Each structure stands twice: as structure tokens, then as C-alpha cells.
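K.L.:
Can you make the complete structure from the sequences, with help from the hints?
Note that the protein sequences, when read in sequence, are chains A and B.
The opening position of the first sequence corresponds to residue 1 in our numbering, with each subsequent residue numbered one higher.
The opening position of the second sequence corresponds to residue 1 in our numbering, with each subsequent residue numbered one higher.
Hints are supplied without guarantee of correctness; some may be wrong.
To be verified - Which residues of chain A face chain B? A partial, calculated answer using Cβ under 7 Å:
#: 1; residue: Tyr85
#: 2; residue: Thr117
#: 3; residue: Gly149
#: 4; residue: Val154
#: 5; residue: Gly155
#: 6; residue: Ala156
#: 7; residue: Phe157
#: 8; residue: Lys161
Rather than coming from a laboratory, the hints here were simulated on the basis of the structure.
Model, not experiment: these values are computed from the prediction.
We treat Cβ as the ideally placed atom computed from N, Cα and C, and that holds for glycine.
2 protein chains.
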Amino acid sequence: MHTVDVDLGLRSYDIHIDNGLIGRAGTLLSAAMGRTAAVITNSTIAPLYLTALKNSLAAAGFKVFEIVLPDGEQFKTLDTMHVIYDQLLGFGLDRSGFLVALGGGVVGDMTGFAAATFLRGIPFVQIPTTLLAQVDSSVGGKTGVNLPGGKNMVGAFYQPKAVIIDPLVLQTLPERELRAGLAEVIKYGVISDPGFFAFLESNLRAIMRLDTAALASVIVRCCSIKADITSRDEREQGVRAHLNFGHTLGHAVETLTGYADFLHGEAVAIGMCAAAQLAQSLGLCGSADVHRIEGLVERAGLPVAAPQFPAVDYLRVMLKDKKKTGSTVNFVLPHRIGEVALHPVSQDRLRAFLTGNLAMP
Amino acid sequence: MHTVDVDLGLRSYDIHIDNGLIGRAGTLLSAAMGRTAAVITNSTIAPLYLTALKNSLAAAGFKVFEIVLPDGEQFKTLDTMHVIYDQLLGFGLDRSGFLVALGGGVVGDMTGFAAATFLRGIPFVQIPTTLLAQVDSSVGGKTGVNLPGGKNMVGAFYQPKAVIIDPLVLQTLPERELRAGLAEVIKYGVISDPGFFAFLESNLRAIMRLDTAALASVIVRCCSIKADITSRDEREQGVRAHLNFGHTLGHAVETLTGYADFLHGEAVAIGMCAAAQLAQSLGLCGSADVHRIEGLVERAGLPVAAPQFPAVDYLRVMLKDKKKTGSTVNFVLPHRIGEVALHPVSQDRLRAFLTGNLAMP
Numbered sequence: 001m002h003t004v005d006v007d008l009g010l011r012s013y014d015i016h017i018d019n020g021l022i023g024r025a026g027t028l029l030s031a032a033m034g035r036t037a038a039v040i041t042n043s044t045i046a047p048l049y050l051t052a053l054k055n056s057l058a059a060a061g062f063k064v065f066e067i068v069l070p071d072g073e074q075f076k077t078l079d080t081m082h083v084i085y086d087q088l089l090g091f092g093l094d095r096s097g098f099l100v101a102l103g104g105g106v107v108g109d110m111t112g113f114a115a116a117t118f119l120r121g122i123p124f125v126q127i128p129t130t131l132l133a134q135v136d137s138s139v140g141g142k143t144g145v146n147l148p149g150g151k152n153m154v155g156a157f158y159q160p161k162a163v164i165i166d167p168l169v170l171q172t173l174p175e176r177e178l179r180a181g182l183a184e185v186i187k188y189g190v191i192s193d194p195g196f197f198a199f200l201e202s203n204l205r206a207i208m209r210l211d212t213a214a215l216a217s218v219i220v221r222c223c224s225i226k227a228d229i230t231s232r233d234e235r236e237q238g239v240r241a242h243l244n245f246g247h248t249l250g251h252a253v254e255t256l257t258g259y260a261d262f263l264h265g266e267a268v269a270i271g272m273c274a275a276a277q278l279a280q281s282l283g284l285c286g287s288a289d290v291h292r293i294e295g296l297v298e299r300a301g302l303p304v305a306a307p308q309f310p311a312v313d314y315l316r317v318m319l320k321d322k323k324k325t326g327s328t329v330n331f332v333l334p335h336r337i338g339e340v341a342l343h344p345v346s347q348d349r350l351r352a353f354l355t356g357n358l359a360m361p
Numbered sequence: 001m002h003t004v005d006v007d008l009g010l011r012s013y014d015i016h017i018d019n020g021l022i023g024r025a026g027t028l029l030s031a032a033m034g035r036t037a038a039v040i041t042n043s044t045i046a047p048l049y050l051t052a053l054k055n056s057l058a059a060a061g062f063k064v065f066e067i068v069l070p071d072g073e074q075f076k077t078l079d080t081m082h083v084i085y086d087q088l089l090g091f092g093l094d095r096s097g098f099l100v101a102l103g104g105g106v107v108g109d110m111t112g113f114a115a116a117t118f119l120r121g122i123p124f125v126q127i128p129t130t131l132l133a134q135v136d137s138s139v140g141g142k143t144g145v146n147l148p149g150g151k152n153m154v155g156a157f158y159q160p161k162a163v164i165i166d167p168l169v170l171q172t173l174p175e176r177e178l179r180a181g182l183a184e185v186i187k188y189g190v191i192s193d194p195g196f197f198a199f200l201e202s203n204l205r206a207i208m209r210l211d212t213a214a215l216a217s218v219i220v221r222c223c224s225i226k227a228d229i230t231s232r233d234e235r236e237q238g239v240r241a242h243l244n245f246g247h248t249l250g251h252a253v254e255t256l257t258g259y260a261d262f263l264h265g266e267a268v269a270i271g272m273c274a275a276a277q278l279a280q281s282l283g284l285c286g287s288a289d290v291h292r293i294e295g296l297v298e299r300a301g302l303p304v305a306a307p308q309f310p311a312v313d314y315l316r317v318m319l320k321d322k323k324k325t326g327s328t329v330n331f332v333l334p335h336r337i338g339e340v341a342l343h344p345v346s347q348d349r350l351r352a353f354l355t356g357n358l359a360m361p
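P.N.:
Put into C-alpha cells, the structure is as follows:
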């Protein structure tokens, strides 16, 4: 088993990574947690892994409740939170209980936010079941829901007590979801690790045919990078913002398409390519690196071109981004593969870029 | 001006107490906060104090938005939170902005929860306008909303950047609200300060005719006690639970009556008398102290008797209390005036007490 430590003082926790780990979750958690667990999952994951998890928890002596949500980013709302809260109250869960997120990023974000806010905070554990959640969203404590006006606009920084990653679950992951997860994997290479980016260029085929060794290696590497960045900057005052590479325009794509046309990772892929082009247009990044980024995104079967919306629509949404200050938008832009920095981009500059490159005039 | 420091390391802040302070809020905040403020208040307070506050903030160079909520505990819901979030998003408020709670406990709790969760956390300031909020709910960082199934079931521990208390606003407070606030004032005497309890016994008349010196003295004393307890135990792992004296049964009264018949302080008054009687019935507290508590509550014009509901209803609601563990309910019970402790009370014991003392059989 691989263990990656997320070093956050009193809020430190371990990421456990091993094939078949869902079946050993009960044992893994038995020392550290209270005796009552509420597992939150969705209707896609429940038939695949909920029974195995519940059996493992029950065998370790936990009393287990379950909440099965509908599957999809469009359900990541305050209304769904209300449903979760009412059910937790119905279970009689108290502060000695804990939540378990069994699912992808949507389940993890909502379960984490429920844990952050139910009874003003109870413990929770992440068991991510998509590549995207395993390499990114389950680690670092960002939780929350979307508003109709913007993605992740409501939430909390709230760390899990443990992350349990079972790479074997990826064998049942739809190919489109796997590709979407690869967008975040590629992101880690661009923002901080040129060697890892080159590894991905060499091993993309093995990863995409779900080679277990290649997958485990990717997950461990990504979790280590995420853990390191989170430890240095839990609340995104500095370096953690680099993890938003591709997300500023990516979020706008998701918002403008009503969270319906693109998976989060697909939108991030579009956002990374746009950010690379923007960096090139600003003279920050050479064309060779831009082409390598676009090439790897394309080979991963991900979209590179942004959907056509008027520039004014993109601007309007990006000016509501959490990372904006005043009337500039802060973009994470690559200088080269392995190095990015935050750059404020003025509205006018951004409008010119969007009009010229992505959007309808 | 009196200043009480709430010592919480990096999250420390000051409580500023002075007559006329709302008119100086802008100056007071000008050094510490970002340049954009969203004031959240209610339809009762807005006509009285919103203009003065906005003028003060504007004069200090702040850009000011406002949200006026309907007045009442029944609006302390997730639905109202959704309205707040949508408006904040509409203002284009970003992480360099901050919220201002201008109102009583309901406005403060919801504004604090909005600050804790909008964009995963932005700063906020409390300007409490009821006695209850000035002496209790605005200090200590408890924020949240009610669920249909229970009070304050969803929320966060999230500290304000400052608390600004203007005792003059109490001159316009309805008498019933003043009395409700006195319940929490009396609470401080019972849980930690026999001298203060005696002061209240001697000065109740002056306080109730809104003598400014007596009121200022009461507010400073209560804030000091609350600040001290909060500093020692921010997240209610220990001594902070003492602040819940009267609240366990009090919350049940509020829940059973749909938050409509009793103000929070009135329910706490009922809960304090019930807790004193329960303590006496368990041999923990002598009858003389129980009578002093009931006597002061009664002289403050507060209810002492719980509304008649079947014991099973009280039990059901109290077993959902945040402070319960397993099938016992943790009560804060007085040993004498100035000293309380947490006591687990079994369901059976509690049922017998409720049946014999408060509720319909």
C-alpha cells in the first residue's frame, strides 16, 4: 500500500492507495473514527461498490446508514444539500458519527460540505471512485456546491480524516470519465513536474488501457503533488492557485453550458489549451510547449476548442470567478511545461483574446 | 469606548462597545477591511439604522451593497441562504469584499454562515442590534440556520473580524426582545459569576428601564465572559458547552412550537428553569439556588413553565440535539449559582422528569 501524508498540523491526514482497498475500508478506519457512518454515494456507484463498502464497515463494527443521490453535476446544488441534511437528521447522526463520500467529485464535494456544516462540523472520509476525484478533488479539503450563477460559489475548506483510493474501481469507469480525469493528471505535469509530463507523453497508451501499474503510479504522483501544494497553502492564498490552471475558462465553459455538455475534466482540458494560447499571445510561453500541451490533451481524447459563445458572455462569467479581483481576471498561465504563474489579465486584453481565438464576435 | 479582546490566535478580534458606535463604524473598520461591504439586515432594523450605517461606511470610502431580509426566526433557513448567495453573486462581491450583519441573532447567524461559505469564506463584521445578540450570539463564531427538524442543525464555526456594539440601539428594542435578551444575561451569572448574578438581582429595575450605564455594564460583563470561554474552547469540546445552559430543553421548546410562539431567549428562560429543577431532582443543586434562578427569570418578565407537549415529543427532539451522544442527552446543570457542569441524563431518567414536571403524560 502507498501512503501519502497531507501535512496540515492538527488537520493532517493520510491518503491510502491500494488495489482492493474498498474491501478493507472498515479495518483501515476502525481505530480512528466514531462508530456510526453515513455513506453518501450516487445511483451509478451504489450498485457497483456500496455493498462491498457497507460489508467492510459493518464487519469492523460500524453502524452504517446510506444516502444515494442522483448522478450528475447538475445535482450539486443547495437543494440536494437540503435532502442530505434532512436524511442525516433522520438517521439521528450526532457529532460522534462521520460521513463517507463514495463517488466522484460531485459526491465528494457535497459530502465534504455536508460534513463541514452538519451540526457545525463532523468528520468525513473520502473514497473517490473516478480518476478525477482520486487525483484531485478528494484531496485538499475544497468542498461545496454550485449556484445557478457560478460553479463552487458556496462551500468551505474542510479536510477529510482520510482518503482511501482503490485504483481497481477505475476498471469500471466509463472511458469518457477516464479521459476527463486525465485532464487533471496532465495539469499536474504542466504546473509543476516536467518529468511527469514526459512520463505521460510516453505512457499515455498504457494508462488509457487501464494498466494497473501505470494507473497506480499516476495516482501516487498526482496525490503527492496535490498534498505538497495543499500543505504549503491550505486556503489558496498563494501557490495553491496554480492548481486552478485551466479552471478559470473551464468553469466559464461549464457555467455557460449549464454544467450539462462537458464533464469538469473536459472543460478543464479546454481551459488549459486556452490558457496556453493566452500565455503565448502574451509572450509568456513558447509555441513548442503550447503544442506539447495541446498534443497531449488531444491524444487523451479530450476537447481542445472552447464552445462558441459571445466574448461578452465568457467575460461576464469570468468576472464572477472567485479568483478575480476588481475588474481583472487572474489566470494561471504556463511559462514552460513545469512552471506556471498567476497573471492578472485586464478585461480589454481578455476580450481581445476571446474574440480573436475562442468566441463568436 | 470599551474594548474586549477575543483571543483566538490568528482569528482574534475585538468587541467594541460604545454609545453611538454605529455612526462611527466606517472609521472603525477603515483600516482593517476590503473596500466593498454587503450589509445584511432585516425589514425591522433597516428603517431604523441602515441609513446611518451606510452613510458611515460610505464616508470612510467603502462601496456598500445591502440585503434586507424578512424579520423572524422562521426565515433562518437554507432557502433564505440561497437568496443571500444569489444576491451576493449579483453584486459581484469577491474575496476582497466583506459582509456586515446588522441585526439580531437571526441576521447574525445567517450573515456569519454566508460569510463562512460564500466563495468558501470571506470576512464579516457583527453589528448586533438586540440585547441577546449583543451579549451572546454575535460573539464566538457560531453561525448557521435551522432545519425543519431542528434548530441550528446546519452551520459553521466562523469568527467575525470585529463586533461593533452600540448600546443606544436598545432604546428602540421592543420590551419583549429586551426581556428575551435578559435570559442570556442571567445565564452568564448562573454558569460562571455569582457576583454578576447578585448584581442583576439588585439592578434589574434599572436595566429594564434602559438605564444606559447599567446596560453598558451588563454588555461589557457578558461579552467578557463569552470572550473568555470562547478563547478557551472555540469549538465546544469542553467548557464552551456551559454556554448551552438552558438551551437543550429551550431548543426543544422552539422546535416543538415551530419557532413561532417563543423568542429564543424566552425558550432559554424556560430551559434554565427546567434545568435547575432537573438538577434539584438529581440532588445536584439546592432548592434555594433553584428558587433564586426562577425568581430572577420571573422578575425579568420571562416564562418559567414549559409548554405542555407529551414527554415523548420532548424526548424525540432532544435526542436529535447536537450535544447528545448515543441515547443519553447531555444537560448543563447548575450545582450552585456560578457553577455548572455537563451531565449525561439517560432517556429513562429524562422521561420520568418530563412526565412528572413539564409535559402531558
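K.L.:
Among all the numbered hints in the text so far, which are the ones the structure does not match?
P.N.:
8
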